[in-house]
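Enquirer: Listed below are the residues making up each chain.
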Amino acid sequence: MSSLPDTPAIRDGEGSLEASPRRRAGQRSLSTAGLVIAAVALVGLLLAPFFVYPVFLMTVMCFALFATAFNLLLGYVGLLSFGHAAFFGGAAYFTAHAVKVWHLDPLLAVIFGMAGAGLMGLVVGFIAIRRQGIYFAMVTLALSQMVYFIFLQAPFTHGEDGIQGVPRGDLLGFIDLNQPLNIYYFVLAVFVFGFFAVWRMVNSPFGHVLKAIRENENRAISLGYRVERYKLGAFVMSAAIAGLAGSLKAIVLQIATLTDVAWQMSGEVVLMTLLGGMGTIFGPSVGAALVVTMQNYFATSGFPVTVVIGVIFVLCVLLFRRGIVGEAIRLMRR
Amino acid sequence: MTMVFGIPLPALLGQLFLGFINGSFYAMLSLGLAVIFGLLRVINFAHGAQYMLGAFAAYFCLAYAGIGFWPALIVAPIVVALVSAVIERTMLSRLYDLDHLYGLLFTFGLALIFEGTFRYYFGSAGQPYRTPSLLAGGTNLGFMFLPNYRGFVVVASMVICLATWLLIEKTKLGAYLRAATENPQLVQAFGVNVPLLLTLTYALGAGLAALAGVLAAPIYQVSPLMGSNLIIIVFAVVVIGGMGSIVGAILSGYMLGILEGLTKVFYPEASNIVVFVIMAVVLMIRPAGLFGKEF
Amino acid sequence: MLERAPTEPLLKVRDLNGWYGESHVLHGVSLDLHEGETITLLGRNGAGKTTTLRAIMNLLPRRSGEIRIAGEDMMKVPVHKTAYSGIGYVPEERGIFASLSVSENLMLPPRVGPGGMSVEEIYHLFPNLAERRNSPGTKLSGGEQQMLAIARILRTGVKIILLDEPTEGLAPVIIQRIGDVLIELKKKGMTLLLVEQNFRFARKVADRFYLMEDGHILESFAVGELDARMDRLHEVVGV
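First to last, the sequence lines map onto chains A, B and C. Read in order, the letters of the first sequence are residues 1 to 334 in our numbering. Read in order, the letters of the second sequence are residues 1001 to 1295 in our numbering. Read in order, the letters of the third sequence are residues 2001 to 2239 in our numbering.
There could be a bad hint or two in this list.
What the hints assert, rightly or not - Pairs of lysine to any residue, SDA-like flavour, derived with a Cα cap of 20 angstroms:
| # | chain 1 | residue 1 | chain 2 | residue 2 |
| --- | --- | --- | --- | --- |
| 1 | B | Lys1170 | C | Ser2103 |
| 2 | B | Lys1170 | C | Thr2138 |
| 3 | B | Lys1170 | C | Pro2136 |
| 4 | C | Lys2204 | C | Glu2225 |
| 5 | C | Lys2081 | C | Gly2116 |
| 6 | B | Lys1170 | C | Met2107 |
| 7 | C | Lys2076 | C | Leu2010 |
| 8 | B | Lys1264 | A | Phe149 |
| 9 | C | Lys2204 | C | Ala2228 |
| 10 | C | Lys2081 | C | Pro2114 |
| 11 | C | Lys2204 | C | Gly2143 |
| 12 | A | Lys100 | A | Gly162 |
| 13 | B | Lys1264 | A | Gln153 |
| 14 | B | Lys1172 | C | Ser2118 |
| 15 | B | Lys1172 | C | Met2107 |
| 16 | C | Lys2204 | C | Gly2224 |
| 17 | C | Lys2012 | C | Glu2035 |
| 18 | B | Lys1172 | C | Pro2136 |
| 19 | A | Lys100 | A | Leu258 |
| 20 | C | Lys2081 | B | Leu1200 |
| 21 | C | Lys2186 | C | Leu2125 |
| 22 | C | Lys2186 | C | Ala2222 |
| 23 | C | Lys2186 | C | Asp2207 |
| 24 | B | Lys1172 | C | Arg2111 |
| 25 | C | Lys2081 | B | Pro1195 |
| 26 | B | Lys1170 | C | Asn2134 |
| 27 | C | Lys2012 | C | Gly2036 |
| 28 | C | Lys2081 | B | Asn1193 |
| 29 | C | Lys2081 | B | Arg1089 |
| 30 | B | Lys1170 | B | Glu1182 |
| 31 | C | Lys2139 | B | Glu1182 |
| 32 | B | Lys1172 | C | Ser2135 |
| 33 | B | Lys1172 | C | Thr2138 |
| 34 | B | Lys1170 | C | Ser2135 |
| 35 | A | Lys100 | A | Asp161 |
| 36 | C | Lys2076 | B | Pro1195 |
| 37 | B | Lys1172 | C | Ser2103 |
| 38 | C | Lys2012 | C | Gly2065 |
| 39 | C | Lys2186 | C | Phe2126 |
No wet-lab data here; the hints were simulated from the structure.
Using the sequences and the accompanying hints, generate a full structural model.
Expert: Have a look at this one:
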């Protein structure tokens, strides 16, 4: 039984745990399509708050950024981190505390949250990188559970209550974030920044080394690359951007709770990425939008969301591994 | 009153014993995980759910069918093993040729489905399950008070672990299992039905988890959440012990239960996380795990 | 199961093609193995000899063509039932299981037909295995592992044995021993399909040879014609 598979089921389409090198020729035409889609999406997002409830849109953007950051590790480096909620929720706590107790400017608080998450990422990553593949996933899960318990007991988080009533504050001292349009465009700007950062990293020389490591780690080592450093670098970046998403979330929804650091949250971001398409740049965002919408829908109906999420997981793994964007790319290539 | 490091001896022993009980469950569950992982190379996230299902099966047996604890020890694991065998045959086996992460993701989804369904019908609170009358009450040992049922659980867990070890190391079936773990293709070429062996192994692991669940019912309440809280600690135990090793899983389980108990006595705030801290330390010093064979 | 005519081969392979993923590795391989015969596949590394054996045992991800054992169509038979048609496999890497003792290794393959040797007979034939019966499988020397790999097949009562490079990396004394064992088996009527690069060894046991290159069968000839073919062999096998 092989570890990284050669199955055609996954190899086609860019979305996969192993994108075939032959596909690179087709990628240039996809990049143009990608840019067009990005432009259309951006315009759409700029206009959206006038048609759709802004808090919903902002929540989607937070989770889309979270999933995109997560996918940096999974889709491009091939590492499944099952404990990313630690960074998302941790940053939410840091930012919430910074705004509510220290009265920091929201932008500074968000940066603070992101930095905190990045630091956590450095520690967790350093320990977890010692193992690979399936062990890596288990270690990240266990470490994030440890983080959960630490946050549970730390006084500043107020335990089960969480940090509530987080004020939105005045951005840069004068932009009142309680105005829906103000906070919306702030979140959009940060989202675009974070998304762009991930995209740049994936398409940079650093990103190319990461892909080489994923495809054949031993060869990368023999070529002289300090593979551990690259993996750790990607991990820290992924944690930081996930933290950025969590920080935003704390300000948008004005609350930071234990739910944000629980293992179920880690599972959800995996699902968003799997459903949307791992290894594609837009996939995680699509998956995030779907999952957030679905949770909103089921929250009112009383039907257990956990079961639905579980079913989608099972169906995706069995039948739909490329995810939505992955399948779309494959159809476009025909 | 004898004091050890400032703690009265009965309290210390009581807490150590509690740790031993927890360790019994850690051992049984990490054993099941190790057995499944050894042959199938799947991290069975649904193990916690199978444990929970075992406890609930015992509860249903008692509440709706008048089947008591002792028969439930046999019925519940068989039911859960059968359900798991069907799942393996129809769905899990399709994932063996893929990256092992998909197995983890599939069983994760399975765990969510089981837990979510039971939480929907039973809420998060636990259902009580009566201690079997034969084992009710306790025995005064002089230096500490031993609740009979809990003492039984410790002994039972050791018997179960030993029996499983014997099955794997000393029987013909165990030889098939060990050989198939090393080289499934060759074993098939000899004429052994390895796909069936895989199903049986998954069923065995699930049955072990369910058996642990039945034993747990009188101690910890029967709650839909009982598995997921436990499974992550068991993952850490398995990482500490080393994934390839049955003996490692068992020993690490007991050891960590006792360490956790000790921590609760001397440094209670850390008791939740001590297993994870130890895991982090083991990873830094000996990544393959204390008894691990593979790296 | 079809009754086969007396001249019908025990193992009949026609137009066997094999693939590893998208790589087409066997091209129209055909060979006949009659009961009691010993055939050797000759060829350099990568010629497809091991692949042919694996294809016959249904260990290849994809294959096409015709394979019949005693007239029975083997193409639809799943891997774990293949042995029950009376065919045993001694792989190149020997496949001794490290987590099993010598005795467990020996007893592992189930009996697939009548006429298998008893454990006492096997220990009589291979005394050093008897001595080491409780050691872990891999504590044996290379030669002893090879003996064990052959021995455990002998227990199962197969009619055909596929042996992949049984003498590879072994000392001349052991090679001699293995040759003696194979000749004993031949006398008892066993049918052998051997893959060997060492044709000096092969000529002592084989009745016929098939020459392979790049997944094709080039030609076949009897052991008597071996000397006449020496130049051709040097060219193709490069020894």
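Enquirer: All the hints need checking, so say for each whether the structure fits it.
Expert: Hints, verified against the model:
{"no.": "1", "hint": "B:Lys1170 x C:Ser2103", "result": "holds (12 angstroms)"}
{"no.": "2", "hint": "B:Lys1170 x C:Thr2138", "result": "holds (18 angstroms)"}
{"no.": "3", "hint": "B:Lys1170 x C:Pro2136", "result": "holds (13 angstroms)"}
{"no.": "4", "hint": "C:Lys2204 x C:Glu2225", "result": "holds (13 angstroms)"}
{"no.": "5", "hint": "C:Lys2081 x C:Gly2116", "result": "holds (18 angstroms)"}
{"no.": "6", "hint": "B:Lys1170 x C:Met2107", "result": "holds (13 angstroms)"}
{"no.": "7", "hint": "C:Lys2076 x C:Leu2010", "result": "holds (18 angstroms)"}
{"no.": "8", "hint": "B:Lys1264 x A:Phe149", "result": "holds (14 angstroms)"}
{"no.": "9", "hint": "C:Lys2204 x C:Ala2228", "result": "holds (16 angstroms)"}
{"no.": "10", "hint": "C:Lys2081 x C:Pro2114", "result": "holds (16 angstroms)"}
{"no.": "11", "hint": "C:Lys2204 x C:Gly2143", "result": "holds (19 angstroms)"}
{"no.": "12", "hint": "A:Lys100 x A:Gly162", "result": "holds (12 angstroms)"}
{"no.": "13", "hint": "B:Lys1264 x A:Gln153", "result": "holds (15 angstroms)"}
{"no.": "14", "hint": "B:Lys1172 x C:Ser2118", "result": "holds (18 angstroms)"}
{"no.": "15", "hint": "B:Lys1172 x C:Met2107", "result": "holds (9 angstroms)"}
{"no.": "16", "hint": "C:Lys2204 x C:Gly2224", "result": "holds (11 angstroms)"}
{"no.": "17", "hint": "C:Lys2012 x C:Glu2035", "result": "holds (11 angstroms)"}
{"no.": "18", "hint": "B:Lys1172 x C:Pro2136", "result": "holds (15 angstroms)"}
{"no.": "19", "hint": "A:Lys100 x A:Leu258", "result": "holds (17 angstroms)"}
{"no.": "20", "hint": "C:Lys2081 x B:Leu1200", "result": "holds (18 angstroms)"}
{"no.": "21", "hint": "C:Lys2186 x C:Leu2125", "result": "holds (15 angstroms)"}
{"no.": "22", "hint": "C:Lys2186 x C:Ala2222", "result": "holds (16 angstroms)"}
{"no.": "23", "hint": "C:Lys2186 x C:Asp2207", "result": "holds (10 angstroms)"}
{"no.": "24", "hint": "B:Lys1172 x C:Arg2111", "result": "holds (14 angstroms)"}
{"no.": "25", "hint": "C:Lys2081 x B:Pro1195", "result": "holds (12 angstroms)"}
{"no.": "26", "hint": "B:Lys1170 x C:Asn2134", "result": "holds (12 angstroms)"}
{"no.": "27", "hint": "C:Lys2012 x C:Gly2036", "result": "holds (14 angstroms)"}
{"no.": "28", "hint": "C:Lys2081 x B:Asn1193", "result": "holds (8 angstroms)"}
{"no.": "29", "hint": "C:Lys2081 x B:Arg1089", "result": "holds (18 angstroms)"}
{"no.": "30", "hint": "B:Lys1170 x B:Glu1182", "result": "holds (17 angstroms)"}
{"no.": "31", "hint": "C:Lys2139 x B:Glu1182", "result": "holds (16 angstroms)"}
{"no.": "32", "hint": "B:Lys1172 x C:Ser2135", "result": "holds (16 angstroms)"}
{"no.": "33", "hint": "B:Lys1172 x C:Thr2138", "result": "holds (19 angstroms)"}
{"no.": "34", "hint": "B:Lys1170 x C:Ser2135", "result": "holds (14 angstroms)"}
{"no.": "35", "hint": "A:Lys100 x A:Asp161", "result": "holds (15 angstroms)"}
{"no.": "36", "hint": "C:Lys2076 x B:Pro1195", "result": "holds (17 angstroms)"}
{"no.": "37", "hint": "B:Lys1172 x C:Ser2103", "result": "holds (11 angstroms)"}
{"no.": "38", "hint": "C:Lys2012 x C:Gly2065", "result": "holds (11 angstroms)"}
{"no.": "39", "hint": "C:Lys2186 x C:Phe2126", "result": "holds (17 angstroms)"}
The structure fails none of the hints (numbered hints given earlier).
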